[in-house]
Amino acid sequence: LTEPDGTTTKINEPGAHLSADELAAIEQAVVTKAHEATWVVLSGSLPPGAPATWYATMTERLHEAGVKVAVDTSDEPLHELATRLPEAAPDLIKPNSVELGQLCGADGKALETAADHGDFNTVVSAARRLHGIENVLVTLGGAGALLVTEHDAWHARFEPVEVRSTVGAGDSSLAGFLLAHARGDQPETCLRTAVAWGTAAAALPGSTMPTPAQADAIGVSLVHL
1 LTEPDGTTTK
11 INEPGAHLSA
21 DELAAIEQAV
31 VTKAHEATWV
41 VLSGSLPPGA
51 PATWYATMTE
61 RLHEAGVKVA
71 VDTSDEPLHE
81 LATRLPEAAP
91 DLIKPNSVEL
101 GQLCGADGKA
111 LETAADHGDF
121 NTVVSAARRL
131 HGIENVLVTL
141 GGAGALLVTE
151 HDAWHARFEP
161 VEVRSTVGAG
171 DSSLAGFLLA
181 HARGDQPETC
191 LRTAVAWGTA
201 AAALPGSTMP
211 TPAQADAIGV
221 SLVHL
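Under the numbering used here, the first residue of the sequence shown carries the number 1, and numbering increases by one thereafter.
Please keep in mind that the hints were generated in silico from the structure rather than gathered at the bench.
Small disclaimer: the values here were computed from a predicted structure and weren't measured.
A virtual CB, placed ideally from N, CA and C, is assigned to each residue, including glycine.
Take the hints with a grain of salt, since some may be wrong.
In silico EDC-like cross-links for lysine to aspartate or glutamate, where the CA-CA straight-line distance does not exceed 16 angstroms [said to hold, decoys possible]:
1. Lys68 to Glu87
2. Lys109 to Asp119
3. Lys33 to Glu64
4. Lys109 to Asp75
5. Lys68 to Asp119
6. Lys68 to Glu134
7. Lys68 to Asp91
Simulated restraints, written as ranges between beta carbons of each label pair [stated by the list, open to error]:
8. Glu159 to Leu23: 38 to 46 angstroms
9. Pro47 to Asp119: 36 to 44 angstroms
10. Glu27 to His131: 22 to 30 angstroms
With these hints in hand, go ahead and build the complete structure from the sequences.
Here you go:
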């Protein structure tokens, strides 16, 4: 629900409880379909009945199926994933500063403050503690976003837009990154595309997905760190 003054209210209810048999069936269905995919995205909270280790377990199973894995989650599932690095390392993870702190044992608020003051190297150092993850895409709110790989890091900042709703903006940025990666773009272009799609989504009401034209219209500046 988005108010005229920009206030957004999200009403999130837990999903249906999954039995062990239902969870096993879902796992098998995902792994089977993964053979037709390049990427599988594991995102959001887990339904009741699913263990906190589920994303870590699925990452390992999906890698065995030969598909790349992106993870976008928080709290206990994120913590469990961190305890199983590098064996269960996804190919892409998209934390915000607080979630990055949860992953690497750092103070997430301190990371956010550092980024707000232009100290991106502190965030880069934290991201590099996540051994085995090829791409760490850190969203920093108004400070933009960082992409950290094994040997490189880039910071992207977007031109100001009128924010109408941030619901789904993170999902849009992840979609933008994967779209660019699927095209064969270089990592820095994947970051630019991610920020453009996320920013375009924030300028739209509700959870509206932007069109390619709307994303292309967003100005994004990029700096190699």
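Exercise. Between lysine 68 and glutamate 87, is the straight-line Cα distance small enough, at 16 angstroms or below?
Worked result: Given that 16 angstroms is the threshold and the Cα spacing comes to 14 angstroms, the pair holds.
For this session: Just tell me: holds or violated, for the beta carbon distance of proline 47 and aspartate 119 against 36 to 44 angstroms?
Result: Between proline 47 and aspartate 119, where Cβ atoms are some 38 angstroms apart, the hint holds.
Exercise. Straight-line Cα separation of lysine 109 and aspartate 75 no greater than 16 angstroms?
Worked result: Given that 16 angstroms is the threshold and the Cα spacing comes to 15 angstroms, the pair holds.
For this session: Given the hint that lysine 109 pairs with aspartate 119, test it: the Cα-Cα distance must not exceed 16 angstroms.
Result: 13 angstroms, holds
Exercise. Cβ-Cβ distance between glutamate 159 and leucine 23: within 38 to 46 angstroms?
Worked result: 44 angstroms, holds
For this session: State, for the Cβ atoms of glutamate 27 and histidine 131, whether the hinted interval 22 to 30 angstroms holds or is violated.
Result: About 26 angstroms separates the Cβ atoms of glutamate 27 and histidine 131, which means 22 to 30 angstroms holds.
Problem set entry | Pairwise hint evaluation, aspartate 91 against lysine 68, where the allowed Cα distance is 16 angstroms at most | 6 angstroms, holds
Exercise. Does the structure keep lysine 33 and glutamate 64 at a Cα separation of 16 angstroms or less?
Worked result: Holds: lysine 33 and glutamate 64 sit about 13 angstroms apart, inside 16 angstroms.
Exercise. Do the alpha carbons of lysine 68 and glutamate 134 lie within 16 angstroms of each other, as the hint requires?
Worked result: 10 angstroms, holds
Exercise. Does aspartate 119 lie within 16 angstroms of lysine 68 when you go C-alpha to C-alpha?
Worked result: Violated. Lysine 68 to aspartate 119 sits at ~31 angstroms, over the 16 angstroms cutoff.
Hint 5 from the list above is the single one not met by this structure.
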